[in-house]
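K.L.:
Single-letter residue listing:
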Amino acid sequence: MPDSFYYLLQQLLNGLTVGSTYALIAIGYTMVYGIIGMINFAHGEVYMIGSYITFIVLAALALLGIESLPLLIIGALVVSMVVTSAYGYSIERVAYRPLRGGNRLIPLISAIGMSIFLQNLVRIAQGSRDVAMPNLVRGGIDIGPTTGFHATLSYMQIVIFVVTLISMTLLTLFITRSRMGRACRACAEDLKMTNLLGINTNAIIAITFIIGAALAAVAGVLLGMYYGVINPYIGFMAGLKAFTAAVLGGIGSIPGAVLGGLLLGVAEALTAGYFSAEYKDVVAFSVLILVLLFRPSGILGRPEVGKV
Amino acid sequence: MLRNLKPAIISAVVVVILSGLLMGVRLSQQGTSLVLVGGGADVAVKIGAAALFLFLFNLFRDHLARLWHKVPALPRTPAAFSVLAARPSTQRLLWCFLIAAALIWPFLSNRSNIDLATLVLIYVMLGLGLNIVVGLAGLLDLGYVGFYAVGAYTYALLALYFGVGFWTGLVAAGAMAALFGFLLGFPVLRLRGDYLAIVTLGFGEIIRILLNNFTSLTNGPNGIGSIPKPDLFGLEFSRRASEGAQTFHEFFGIAFNSVHRVMFLYFLALLLVLITLLVINRLLRMPVGRAWEALREDEVACRSLGINPTAVKLNAFTIGATFAGFAGCFFAARQGFISPESFTFIESAIILAIVVLGGMGSQLGVILAAIIMTLLPEMARQFDEYRMLLFGLLMVLMMIWRPQGLLPMKRPHLELKT
Numbered sequence: 001m002p003d004s005f006y007y008l009l010q011q012l013l014n015g016l017t018v019g020s021t022y023a024l025i026a027i028g029y030t031m032v033y034g035i036i037g038m039i040n041f042a043h044g045e046v047y048m049i050g051s052y053i054t055f056i057v058l059a060a061l062a063l064l065g066i067e068s069l070p071l072l073i074i075g076a077l078v079v080s081m082v083v084t085s086a087y088g089y090s091i092e093r094v095a096y097r098p099l100r101g102g103n104r105l106i107p108l109i110s111a112i113g114m115s116i117f118l119q120n121l122v123r124i125a126q127g128s129r130d131v132a133m134p135n136l137v138r139g140g141i142d143i144g145p146t147t148g149f150h151a152t153l154s155y156m157q158i159v160i161f162v163v164t165l166i167s168m169t170l171l172t173l174f175i176t177r178s179r180m181g182r183a184c185r186a187c188a189e190d191l192k193m194t195n196l197l198g199i200n201t202n203a204i205i206a207i208t209f210i211i212g213a214a215l216a217a218v219a220g221v222l223l224g225m226y227y228g229v230i231n232p233y234i235g236f237m238a239g240l241k242a243f244t245a246a247v248l249g250g251i252g253s254i255p256g257a258v259l260g261g262l263l264l265g266v267a268e269a270l271t272a273g274y275f276s277a278e279y280k281d282v283v284a285f286s287v288l289i290l291v292l293l294f295r296p297s298g299i300l301g302r303p304e305v306g307k308v
Numbered sequence: 309m310l311r312n313l314k315p316a317i318i319s320a321v322v323v324v325i326l327s328g329l330l331m332g333v334r335l336s337q338q339g340t341s342l343v344l345v346g347g348g349a350d351v352a353v354k355i356g357a358a359a360l361f362l363f364l365f366n367l368f369r370d371h372l373a374r375l376w377h378k379v380p381a382l383p384r385t386p387a388a389f390s391v392l393a394a395r396p397s398t399q400r401l402l403w404c405f406l407i408a409a410a411l412i413w414p415f416l417s418n419r420s421n422i423d424l425a426t427l428v429l430i431y432v433m434l435g436l437g438l439n440i441v442v443g444l445a446g447l448l449d450l451g452y453v454g455f456y457a458v459g460a461y462t463y464a465l466l467a468l469y470f471g472v473g474f475w476t477g478l479v480a481a482g483a484m485a486a487l488f489g490f491l492l493g494f495p496v497l498r499l500r501g502d503y504l505a506i507v508t509l510g511f512g513e514i515i516r517i518l519l520n521n522f523t524s525l526t527n528g529p530n531g532i533g534s535i536p537k538p539d540l541f542g543l544e545f546s547r548r549a550s551e552g553a554q555t556f557h558e559f560f561g562i563a564f565n566s567v568h569r570v571m572f573l574y575f576l577a578l579l580l581v582l583i584t585l586l587v588i589n590r591l592l593r594m595p596v597g598r599a600w601e602a603l604r605e606d607e608v609a610c611r612s613l614g615i616n617p618t619a620v621k622l623n624a625f626t627i628g629a630t631f632a633g634f635a636g637c638f639f640a641a642r643q644g645f646i647s648p649e650s651f652t653f654i655e656s657a658i659i660l661a662i663v664v665l666g667g668m669g670s671q672l673g674v675i676l677a678a679i680i681m682t683l684l685p686e687m688a689r690q691f692d693e694y695r696m697l698l699f700g701l702l703m704v705l706m707m708i709w710r711p712q713g714l715l716p717m718k719r720p721h722l723e724l725k726t
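From first to last, the protein sequence lines stand for chains A and B. Residue 180 in our numbering sits at position 180 of the first sequence, with consecutive numbering throughout. Quick note, our numbering runs 308 ahead of the 1-based positions in the second sequence.
For the record, the hints were derived by calculation from the structure and aren't laboratory data. Errors might be hidden in some of the hints.
Pulled from the structure, derived: some chain A residues nowhere near chain B, Cβ distances all over 10 angstroms [what the hints assert, rightly or not]: (1) Ala132; (2) Ile143; (3) Glu278.
Now the in silico label distances, taken between C-beta atoms and shown as ranges [claimed, not checked]: (4) B:Gly339 with A:Tyr233: 50 to 58 angstroms; (5) B:Ala352 with A:Leu170: 28 to 36 angstroms; (6) A:Leu196 with B:Lys314: 23 to 31 angstroms; (7) B:Gly644 with A:Asp142: 49 to 57 angstroms; (8) B:Asp692 with A:Ser178: 47 to 55 angstroms; (9) A:Gly144 with B:Gly348: 30 to 38 angstroms; (10) B:Arg395 with A:Leu196: 45 to 53 angstroms.
Derived pair list, reagent style DMTMM-like, types lysine to aspartate or glutamate, alpha-carbon separation capped at 25 angstroms [to be verified]: (11) A:Lys280 with B:Asp423; (12) B:Lys314 with B:Asp370; (13) A:Lys280 with B:Glu649; (14) A:Lys192 with B:Glu649; (15) A:Lys192 with B:Glu655; (16) A:Lys192 with B:Asp502; (17) B:Lys537 with B:Asp370.
Note that the structure is predicted; figures quoted are calculated from it, not measured. Quick reminder that beta carbons are idealized off the backbone N, C-alpha and C, glycines included.
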């Protein structure tokens with residue numbers, strides 16, 4: 001096998017790793033959009049808060065002398081999911097619920113305000129500088145020749161794939177098998193009718209925000225550990241990219257969000273690998289604009305029917 | 309009261325979860341390792357107080373609501389007064405008064421205040437431009453700063469490479485921004501409201517990233533310096549004239565004073581704002597302006613009346629972008645230095661906040677909001693750290709309590725009385 005093949009393989013692996021975390025964040029956008037038809041602009045900040053909580057928990061556990069890796073990861077996951085769930089719930093209560101039913105632009109503007117508020121809250125509480133953490137999961141599996149150029153699948157990447165897969169399986173089980181999941185699907189179908197049938201739609205909408213926030217926290221834990229550096233401004237870009245992923249896959253569709261996230265991650269990694277790392281953010285936006293132009297309903301989405 | 313016990317407990321617990329870890333401890337970098345620093349007792353007390361407040365508030369919310377009803381309402385503005393205020397002659401008088409005040413004011417003020425007022429005028433111009441897009445046509449544009457950047461960089465680059473003067477640069481910057489607005493608007497304006505918002509946001513970011521990375525042309529993050537200042541019909545505002553030119557103070561035979569330039573920039577900005585106001589007010593009375601507002605109210609109805617929504621939106625988008633281009637050109641000339649740092653998303657959010665705070669569509673409102681948004685941070689220097697935090701909070705609260713803005717747009721109208 002030539003070197004170029006292993007180079008490509010490496011880019012694909014990196015792309016799929018980052019893409020699977022984009023997918024986790026994108027699910028939050030797509031679920032909220034599927035039910036109330038609005039973009040949760042503050043979702044990226046929830047991911048950022050998840051990353052901060054991860055670092056805080058890992059530092060606290062290190063202080064207590066706990067070094068078992070599974071324990072560290074599970075601890076970080078549980079605590080940051082709980083905290084971001086509270087944030088998701090509060091965002092819904094403060095910036096969305098009082099404004100439901102009016103002009104569509106008004107909740108969007110309040111969500112932008114919320115996003116700025118959360119970003120600056122973390123900046124004031126934790127400082128605006130980068131916070132870095134040593135890599136906890138070291139090493140990896142080499143693929144290809146032992147001498148010369150080869151691709152590496154790091155153990156951290158494996159952790160990311162496994163955790164993402166588990167969370168998505170759990171989400172699918174929740175949506176398809178549980179009573180509440182059925183209520184969620186009913187709300188996405190027709191909110192008003194579901195309400196008439198005696199389901200507390202307010203609670204279901206809150207649950208949707210909470211699930212989205214918890215998944216963003218999973219992404220925050222994984223990407224935080226993968227990159228090892230965070231600052232209060234990472235949420236903005238991550239949010240935009242995840243939104244792009246959701247639109248690419250077809251907003252409102254959960255498998256679509258996953259597909260879109262993976263595709264976007266790969267597209268970015270290929271741009272960074274073959275063209276220039278500086279323009280990888282431009283790729284995300286260009287993909288977004290092109291998708292909206294030529295296939296606004298996304299890859300797996302249903303075309304929207306205009307209602308008067 | 310017991311009925312409210314559960315939500316009260318929940319809200320108190322949520323507050324503790326929200327703030328406990330994120331604010332209670334602080335990450336601190338020591339060498340390569342990360343350590344936690346406790347926030348101290350006062351942070352814990354603050355979190356506890358917030359939780360207690362929300363707990364009590366939710367527990368007694370029914371009582372509070374009853375008390376609130378008992379509070380005598382503020383006396384309403386008499387109907388005669390609001391009719392008088394909405395009358396066109398009163399409005400015209402108000403405008404004349406405002407313009408006169410703006411003309412006389414710099415002679416009574418000092419240098420730094422005039423400079424600040426010029427900044428306010430730039431934001432007024434940006435607010436008025438965005439007002440066309442967001443307030444009148446109802447298209448949420450989150451990348452408005454992109455056009456501002458295009459205008460600023462057009463003038464800076466033309467001056468750098470071709471030695472173009474301010475006035476030519478102004479026209480070129482407006483035209484360039486309009487072209488960008490047209491090219492971007494052409495494909496994206498078919499999209500629905502919130503998609504449009506995100507796409508324009510992406511566009512603004514693309515412009516910034518390109519300016520940052522296209523180092524050979526734009527000098528990247530280092531920016532472009534020594535951009536020529538505007539002149540008055542060939543008269544320069546410097547101590548000594550450059551080759552083949554004349555200075556302002558020599559021409560009029562007065563002593564050189566650096567305040568002259570600051571005042572000139574102020575009046576230039578005022579002139580640009582007045583032109584903007586005039587153009588927009590004329591446009592509003594033309595079919596295209598009527599179509600913007602009609603489109604904002606009901607797109608389907610417009611379509612059935614034979615208005616082409618895409619063409620009308622494109623108009624609004626292009627004209628809005630043009631004013632951003634003018635403002636950008638003036639900004640570049642005033643600062644003498646620009647870099648991509650000045651054109652971040654937060655700038656778009658501030659301009660949007662000006663439009664929203666003032667009341668979408670209302671021009672007096674935009675002016676008032678631009679003054680508030682620029683002067684408040686200047687006055688509250690000691691709260692500088694909390695500026696953006698309060699700004700975000702204000703945006704949320706404004707949308708909840710007064711989505712129509714401080715001075716909502718009013719039209720003189722008659723109502724049928726039954």
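K.L.:
So which of the earlier hints does this model not fit?
P.N.:
1, 3, 4, 9, 11, 14, 15 and 17
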